[in-house]
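Taken in sequence, the protein lines are chains E and X. According to the numbering used here, the first sequence is numbered sequentially starting from 1. According to the numbering used here, the second sequence is numbered sequentially starting from 415.
These aren't lab readings, by the way, just hints derived from the structure by calculation. Bear in mind the structure is a predicted one, so any value in this text is a computation, not a measurement. Keep in mind that the hints are not guaranteed to be accurate.
[Stated by the list, open to error] Among the chain E residues that face chain X by a calculated CB cut under 10 angstroms, a handful are:
(1) Gln66
(2) Lys69
(3) Arg70
(4) Lys125
(5) Ala127
(6) Arg129
(7) Asn131
(8) Pro132
(9) Leu133
(10) Pro136
[As the list claims (entries may be wrong)] Derived pair list, reagent style DSS-like, types lysine-lysine, alpha-carbon separation capped at 25 angstroms:
(11) Lys211(E) - Lys320(E)
(12) Lys320(E) - Lys289(E)
(13) Lys125(E) - Lys466(X)
(14) Lys289(E) - Lys3(E)
(15) Lys296(E) - Lys3(E)
(16) Lys470(X) - Lys125(E)
(17) Lys411(E) - Lys326(E)
(18) Lys289(E) - Lys278(E)
(19) Lys466(X) - Lys69(E)
(20) Lys289(E) - Lys440(X)
(21) Lys211(E) - Lys225(E)
(22) Lys296(E) - Lys320(E)
The beta carbon of each residue, even a glycine, is placed where N, CA and C say it ideally should be.
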Amino acid sequence: MQKRRVVITGLGIVACNGVGKDEFWRANARGLSGIDTISHFDIEGFDSKIAGYVKNFNPCDFIPAQTVKRTDRYVHFGLASAKMAIEDSRLDLLNEDRNRIGVIIGSGLGGVLFHEEQMIMALDKGAHRLNPLCVPRITPNAVSSHIGIEYGLLGPNMVISTACASGTQAIGEAFRKIQYSDIDLCVTGGVEAPLTRFTFGAYCSLRVTSKRNDIPQEASRPFDKTRDGSVLGEGGAGLILEELNHALARNAHIYAEVKGYGANSGAYHMVMPDLEGKDACSVMAIAIKDAHLENKDIHYINAHATSTQANDQAETRAIKNLFGEKAYQVPISSTKSMIGHSIGAAGGIEGVVCALILENQFIPPTINYHEKDPLCDLDYVPNQGRSAKIVNLMSNSFGFGNCNACLIFSKWEG
Amino acid sequence: MADINVEQTVKEILASQLNVDINTIKNDSRMAEDLNLDSFGAVELVFALEEKFVIKISDQSVYTAKTVQDIIDYVASVVAPK
């Protein structure tokens with residue numbers, strides 16, 4: 001069976017350094033951090049006190065007030081970014097066959113904010129006073145279902161939950177469903193709202209978060225020798241994936257083509273990556289092969305790059321294992337250096353970044369890179385973005401539990 | 415509970431729940447047709463009324479109520495049984 005070609009025709013984004021693709025891109029291109037000291041809940045006692053919290057976002061600007069009231073913050077991010085992406089795509093949904101439009105969103109955690117609020121309330125008043133909408137508000141697939149309901153999208157509707165790889169894997173699965181003619185269009189991306197006392201505390205207890213509380217904007221420093229952990233973030237990304245001929249027929253703006261997708265598992269450990277990076281190396285190779293490309297065709301890598309010692313070392317090792325000496329010639333940068341790690345949203349947000357990199361032919365930097373780590377010695381585009389000729393690029397996501405996903409995007413030549 | 419004005423309180427709960435001005439809620443407003451109260455809204459309303467008046471409401475009573483007045487009458491009957 002001939003696989004169909006798939007392109008990106010709409011983008012929407014809610015991130016701590018920009019809401020909407022234009023503001024977000026300007027911040028990324030200039031290397032602006034959105035990390036700050038947490039002030040929306042009491043952080044007394046936590047080792048980490050910083051995060052990429054989205055401040056300039058009012059869900060009522062995007063979503064009916066009644067829906068805002070009945071949904072968790074992570075759904076607000078999903079509905080807002082989906083709305084921006086659908087509007088950006090200029091799709092006329094009333095005249096589309098909505099049986100052929102799917103919704104596949106990544107989220108590692110679901111509605112944890114509401115879950116937590118209700119737990120605290122129940123401890124006080126008793127579990128028999130739990131809000132009657134607890135189940136539909138907390139469930140991980142609330143986000144994809146709400147998008148489906150809002151726009152009447154009747155195709156397959158699901159949430160992919162593979163921790164930090166969720167967003168990338170959601171885009172990959174949407175890509176496959178269009179390639180194999182299950183659907184013609186898909187609203188995809190990733191969302192997460194983990195900046196709550198319990199969830200933030202859980203990541204702190206795991207000892208994977210940065211303690212550079214005195215310099216929030218310089219705390220996330222992927223590949224730098226002095227990196228001391230991730231900075232947790234939040235947000236949402238929406239992408240419209242569309243079958244090529246469908247997009248051409250309606251004269252849609254095409255940001256990029258989705259060319260390849262790979263997913264695998266290290267089957268190794270719930271938190272640690274294999275420091276040899278075998279599974280990470282292998283998932284990149286799978287994606288390149290899926291795209292019918294060779295290693296030499298990859299002109300940029302948007303790294304997973306969480307700013308933990310283990311991840312950045314393993315990822316660098318994996319890139320070197322795959323590309324050999326050529327690894328030193330491939331520019332690599334980290335979106336998380338500016339916005340922190342937004343778990344299930346990360347891969348979606350990085351997908352939006354990649355589409356904009358191809359459109360603008362410009363690579364945003366890895367900020368806060370100062371001290372070279374002998375184990376991380378590649379070209380990380382330190383501190384200053386640069387123009388570059390990029391035809392094909394790669395976006396990596398490696399989730400807790402060794403869930404790995406890799407996407408290849410290519411410049412749309414028209 | 416005698417000091418709570420049932421009519422005013424029911425309207426306040428509905429207004430807050432539906433995000434509308436309390437003056438738009440009339441005694442003869444129909445729950446579904448005029449106020450757009452859906453099934454989630456009905457469940458939330460039962461929950462809020464139970465909490466406010468410290469009463470137990472049977473599933474049937476609110477779902478069969480057609481108008482705001484029906485709700486007021488029902489709550490009044492439970493709060494102050496004759």
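- Message: Of the numbered hints stated earlier in the document, which are not met by this structure?
- Response: Per hint list: 5, 11, 20 violated.
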